[in-house]
Amino acid sequence: MIYIVLSMMYPVQKPGYPPTNLIGSSATFVLTALDLLLIHPQAGRDFVDANGNTKGFPSRLVQAVQLITFSRAINTPRQVKNVPSFPEYYKRDKVIPRARFLVRETAIAIWQFLALDTLAVLALSQAMNDQESSISSSQSDTGRKWIEQFIQTFVAWFVVSRILISFYYRIASIISVSLGDSPSNSPPIIGRMANVYTLRNFWGKFWHQMLRLPLTSTSNFLARDVLRLPRPSFVERYVNVFIVFFLSGLIHVVIDSLRNVSLEELGTMAFFLSFVVGYMIEDGVIALWKRTRGSQNDSLPALWQRALGFCWVITWLGVTSPWFFRSAMTKPEEQMVLIPFSLAGLIDLPVLQSIVIGGGIVLKFVFEGEI
Numbered sequence: 001m002i003y004i005v006l007s008m009m010y011p012v013q014k015p016g017y018p019p020t021n022l023i024g025s026s027a028t029f030v031l032t033a034l035d036l037l038l039i040h041p042q043a044g045r046d047f048v049d050a051n052g053n054t055k056g057f058p059s060r061l062v063q064a065v066q067l068i069t070f071s072r073a074i075n076t077p078r079q080v081k082n083v084p085s086f087p088e089y090y091k092r093d094k095v096i097p098r099a100r101f102l103v104r105e106t107a108i109a110i111w112q113f114l115a116l117d118t119l120a121v122l123a124l125s126q127a128m129n130d131q132e133s134s135i136s137s138s139q140s141d142t143g144r145k146w147i148e149q150f151i152q153t154f155v156a157w158f159v160v161s162r163i164l165i166s167f168y169y170r171i172a173s174i175i176s177v178s179l180g181d182s183p184s185n186s187p188p189i190i191g192r193m194a195n196v197y198t199l200r201n202f203w204g205k206f207w208h209q210m211l212r213l214p215l216t217s218t219s220n221f222l223a224r225d226v227l228r229l230p231r232p233s234f235v236e237r238y239v240n241v242f243i244v245f246f247l248s249g250l251i252h253v254v255i256d257s258l259r260n261v262s263l264e265e266l267g268t269m270a271f272f273l274s275f276v277v278g279y280m281i282e283d284g285v286i287a288l289w290k291r292t293r294g295s296q297n298d299s300l301p302a303l304w305q306r307a308l309g310f311c312w313v314i315t316w317l318g319v320t321s322p323w324f325f326r327s328a329m330t331k332p333e334e335q336m337v338l339i340p341f342s343l344a345g346l347i348d349l350p351v352l353q354s355i356v357i358g359g360g361i362v363l364k365f366v367f368e369g370e371i
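Note that the UniProt record's numbering has the sequence shown beginning at 1, numbered continuously upward.
Hints are computed from structural coordinates only; laboratory data are not their basis.
There may be inaccurate statements among the hints.
[Stated by the list, open to error] Result set (DSS-like, lysine-lysine): computed pairs, CA atoms no more than 30 Å apart in a straight line: (1) LYS94 / LYS81; (2) LYS205 / LYS81; (3) LYS290 / LYS81; (4) LYS364 / LYS205; (5) LYS81 / LYS91.
[To be verified] Computed beta-carbon distance windows for the label pairs: (6) TRP304 / PRO77: 27 to 33 Å; (7) ARG228 / PRO77: 22 to 28 Å; (8) PRO301 / ARG100: 33 to 39 Å; (9) ARG237 / SER178: 40 to 46 Å; (10) GLU88 / ASP298: 23 to 29 Å; (11) SER182 / HIS40: 20 to 26 Å.
C-beta atoms are modelled at their ideal positions from N, C-alpha and C, and glycine is treated no differently.
Kindly generate the complete structure, drawing on both the sequences and the hints.
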């Protein structure tokens with residue numbers, strides 16, 4: 001906690017994704033520690049070997065670090081819900097071969113690095129052009145601006161952010177498996193786009209689950225144990241949702257503050273809290289639809305319903321995302337640093353783009369890449 005406060009007092013001099021999110025992860029560690037020490041305390045019996053004997057101090061220390069840092073708790077009783085399944089490429093084997101895992105993940109990580117490098121250059125150029133064009137824009141351009149905004153929203157969430165988060169997680173997985181961890185402990189971090197037909201699915205099945213366990217544990221504790229709200233109930237349901245998004249917004253405010261973004265420029269909290277309203281609208285429409293149809297079936301919706309749902313999700317994200325990405329739009333030269341170093345200055349951009357496109361096609365057919 002002291003580390004976080006000091007980092008906020010003295011922000012990162014060269015803001016970018018790697019250093020600020022590494023520091024911002026400390027906020028997640030604090031919530032995870034709160035869960036493990038106070039809400040669901042871990043006792044000595046939780047640190048035993050296969051024979052029931054208490055592990056030695058080094059083993060317990062390693063496991064304690066894993067409990068704090070591996071926030072999805074993969075392959076444990078605490079594992080979060082809706083963890084994405086492994087790609088079909090790995091399902092031919094009962095046990096994923098270590099070499100097969102490392103070769104595929106390394107190849108994809110290299111491609112993702114080049115893709116992020118290319119996207120960062122293109123996004124920076126586009127942001128600069130948008131700043132110049134906004135000065136001379138007129139009211140007649142409103143329709144075109146909305147279309148551009150929705151396209152940018154799609155690219156930001158389903159292309160750039162997805163590759164960005166997946167890249168750093170993949171690097172961590174490669175290191176972990178290389179040091180002896182099982183590949184089964186490193187399932188994908190991002191889900192399938194086919195699941196994005198509700199806001200709940202966007203956050204609960206498609207997006208990463210790194211914050212889910214500490215946030216839901218804290219929200220359940222506050223709503224059920226502290227406030228003693230009846231369960232299940234309408235109030236308890238949405239108080240839980242509010243607390244989760246409030247804490248998530250708070251963590252991202254910390255990260256934004258480390259990027260030298262002033263509080264006056266932030267719309268981060270408004271973005272996250274807007275999903276409380278979004279969930280209520282969505283739940284109401286779904287409940288009304290089921291009541292009208294006289295069915296409570298929770299099976300996979302028809303294709304047209306999922307397509308309509310995807311449009312709903314994109315619309316909500318398109319309206320609210322500018323609040324979240326405001327700093328990237330106003331200070332693109334500072335906020336679009338996605339990777340530690342760039343090759344764009346060494347390789348011509350058209351050549352780099354060709355490598356990324358060609359490499360993506362090769363990965364699709366050789367390693368059965370999935371979206």
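Cross-check of the supplied hints:
With a C-alpha separation of about 22 Å, the suggested pairing of LYS94 with LYS81 holds against the 30 Å cut-off. In summary, the hint linking LYS205 to LYS81 is supported, as the alpha carbons are separated by about 8 Å, within the 30 Å threshold. In summary, the hint linking LYS290 to LYS81 is supported, as the alpha carbons are separated by about 25 Å, within the 30 Å threshold. Straight-line distance between C-alpha atoms of LYS364 and LYS205 comes to about 22 Å, which keeps the hinted pair within the 30 Å bound.
Distance hint between LYS81 and LYS91 is fulfilled; the C-alpha atoms sit about 20 Å from each other, no more than 30 Å. One distance hint, 27 to 33 Å for the beta-carbon pair TRP304 and PRO77, is violated here, with the actual separation near 39 Å. Distance hint for ARG228 and PRO77: a CB-CB separation of about 26 Å, consistent with the stated range 22 to 28 Å. Distance hint for PRO301 and ARG100: a CB-CB separation of about 35 Å, consistent with the stated range 33 to 39 Å.
Checked against the hint of 40 to 46 Å, the C-beta distance between ARG237 and SER178 comes to roughly 43 Å, which is consistent with it. Roughly 25 Å separates the CB atoms of GLU88 and ASP298, a value that falls within the hinted 23 to 29 Å. For SER182 and HIS40, the Cβ-Cβ distance of about 24 Å falls inside the hinted range of 20 to 26 Å, so the restraint holds.
The structure is inconsistent with hint 6 alone, although it conforms to all the rest.
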